[in-house]
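Novice: In case you want the letters, here they are:
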Amino acid sequence: MIKIVFFAALREQLDCAELSLAADDAKTVDDIKQLLSDKNEQWQQTFSNASLLSAVNHDMVDGSHLVKSGDEVAFFPPVTGG
Amino acid sequence: MIKIVFFAALREQLDCAELSLAADDAKTVDDIKQLLSDKNEQWQQTFSNASLLSAVNHDMVDGSHLVKSGDEVAFFPPVTGG
Amino acid sequence: MLKQEISIQADDFSLADEVVLLEKDNVTDGAIVTFTGRVRNNNNGNSVTTLTLEHYPGMTEKLLAKIIIQAKERWNIGRVKVIHRIGKLSIGDQIVFVGVTSKHRQDAFAANEFIMDYLKVKAPFWKKEQITDDGQTSENWLDAKNCDTDKADLWS
Amino acid sequence: MLKQEISIQADDFSLADEVVLLEKDNVTDGAIVTFTGRVRNNNNGNSVTTLTLEHYPGMTEKLLAKIIIQAKERWNIGRVKVIHRIGKLSIGDQIVFVGVTSKHRQDAFAANEFIMDYLKVKAPFWKKEQITDDGQTSENWLDAKNCDTDKADLWS
Chain A
1 MIKIVFFAAL REQLDCAELS LAADDAKTVD DIKQLLSDKN EQWQQTFSNA
51 SLLSAVNHDM VDGSHLVKSG DEVAFFPPVT GG
Chain B
1 MIKIVFFAAL REQLDCAELS LAADDAKTVD DIKQLLSDKN EQWQQTFSNA
51 SLLSAVNHDM VDGSHLVKSG DEVAFFPPVT GG
Chain C
1 MLKQEISIQA DDFSLADEVV LLEKDNVTDG AIVTFTGRVR NNNNGNSVTT
51 LTLEHYPGMT EKLLAKIIIQ AKERWNIGRV KVIHRIGKLS IGDQIVFVGV
101 TSKHRQDAFA ANEFIMDYLK VKAPFWKKEQ ITDDGQTSEN WLDAKNCDTD
151 KADLWS
Chain D
1 MLKQEISIQA DDFSLADEVV LLEKDNVTDG AIVTFTGRVR NNNNGNSVTT
51 LTLEHYPGMT EKLLAKIIIQ AKERWNIGRV KVIHRIGKLS IGDQIVFVGV
101 TSKHRQDAFA ANEFIMDYLK VKAPFWKKEQ ITDDGQTSEN WLDAKNCDTD
151 KADLWS
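Chains as they are written, first to last, in the UniProt record's numbering: chain A, 1 to 82; chain B, 1 to 82; chain C, 1 to 156; chain D, 1 to 156.
To be clear, the hints were calculated from the coordinates, so they are not data collected in a lab.
Derived DEER-like restraints, expressed as beta-carbon distance ranges:
#1 D:Q9 <-> C:L21: 22 to 30 Å
#2 C:D12 <-> D:A10: 29 to 37 Å
#3 C:G87 <-> D:P57: 46 to 54 Å
Remember, it's a predicted structure, so these values are computed and weren't measured experimentally.
Note that CB positions come from ideal geometry on N, CA and C, so glycine has one too.
Please take these sequences and the hints and turn them into a complete structure.
Specialist: Written out as structure tokens, the structure reads:
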């Protein structure tokens with residue numbers, strides 16, 4: 001299984017903080033995005049946002065990053081701390 | 001009269017913190033330096049130091065700065081505060 | 001010496017206490033630069049009443065640790081402390097603290113600003129503002145500012 | 001608002017108190033940068049025991065006021081405080097404090113560093129070190145460092 005987590009505005013738009021995917025369903029971060037977009041129109045719209053960031057196991061990655069079972073994949077908007 | 005003040009290493013080398021000159025004796029800061037240099041060998045050596053700075057009435061000036069009665073003229077080494 | 005360089009906390013912090021820790025038994029570093037960020041009362045013309053700060057636990061600490069390592073590789077600095085608050089904050093409340101000591105003031109200034117610039121664009125924190133506008137209260141997530149990204153790029 | 005932006009004093013100062021004054025009733029400036037300089041235990045390999053700081057009363061205040069005016073012309077900053085101690089200081093003692101508040105952290109960082117750079121090369125302070133070397137105690141006036149002059153030139 002791959003653990004997927006969402007933060008901030010993204011979490012609120014999806015009304016979802018966390019979900020799991022079977023590791024076989026996705027090879028890359030982009031695959032996961034595609035799978036989540038296919039869920040419904042709200043999710044499709046949310047994931048069409050080009051400024052969305054992704055991290056795997058707490059490291060920022062781009063869409064081509066490979067994922068495997070046990071990974072924690074995070075999606076979130078640009079950060080606004082400090 | 002022109003009031004002349006000395007600071008830090010300069011004051012110690014000259015063993016003098018302050019003195020006065022008749023305003024008629026000097027037109028510029030360089031004139032004052034020349035007058036002071038003429039005092040004796042110790043003063044001449046001290047005032048031959050090219051890194052010496054001068055101020056008139058609390059503003060940094062160069063040697064060509066004109067002086068008049070009532071001015072306070074200061075000589076000191078490069079500053080080392082902070 | 002083991003020390004806690006990073007703290008993500010809901011509680012407020014004391015600048016004075018942090019500076020004492022940075023300076024304690026530290027007679028080699030003559031320079032200390034601190035940055036403190038606080039909640040301002042307005043942003044883009046709206047009147048901010050409170051701010052809620054969310055972060056990504058685990059990733060935040062990892063990223064801040066990386067930024068500190070980079071700063072230490074680039075500049076000759078001694079001690080570093082980074083504090084970032086989370087949760088609900090009011091106007092005037094402290095949000096973030098960065099403290100850096102060094103033998104040389106240039107290094108302390110540069111490393112501190114570098115850490116803040118990178119924290120702003122890399123560390124997974126998000127701010128939600130509670131705004132009162134003409135008596136109406138609303139909430140919205142802050143948008144990232146391009147100028148912050150541009151500024152962090154300057155260091156690379 | 002009348003405020004005392006410059007203080008030349010023999011007494012120690014409290015960073016915490018200064019920051020409180022800079023932040024008091026100041027909800028527009030979200031950023032505050034402080035610099036604190038302290039007496040280090042060594043300089044050029046010698047072991048410094050104490051330091052005596054002399055200044056040119058009147059000129060010092062005038063010059064620091066000028067530097068602060070220049071900083072305010074160049075950057076969008078709020079409040080400024082500059083403290084410089086004089087007299088005899090020991091290792092670890094605070095020598096100088098610069099605090100700057102601003103709406104924007106870049107301005108607070110830049111203005112603070114600018115003030116320190118100019119203070120170093122323009123303000124009429126002189127340091128005399130009391131040194132212990134192989135049990136021998138001696139005194140000498142510090143030489144100005146060229147790198148400080150070079151650094152101040154960067155701003156012009």
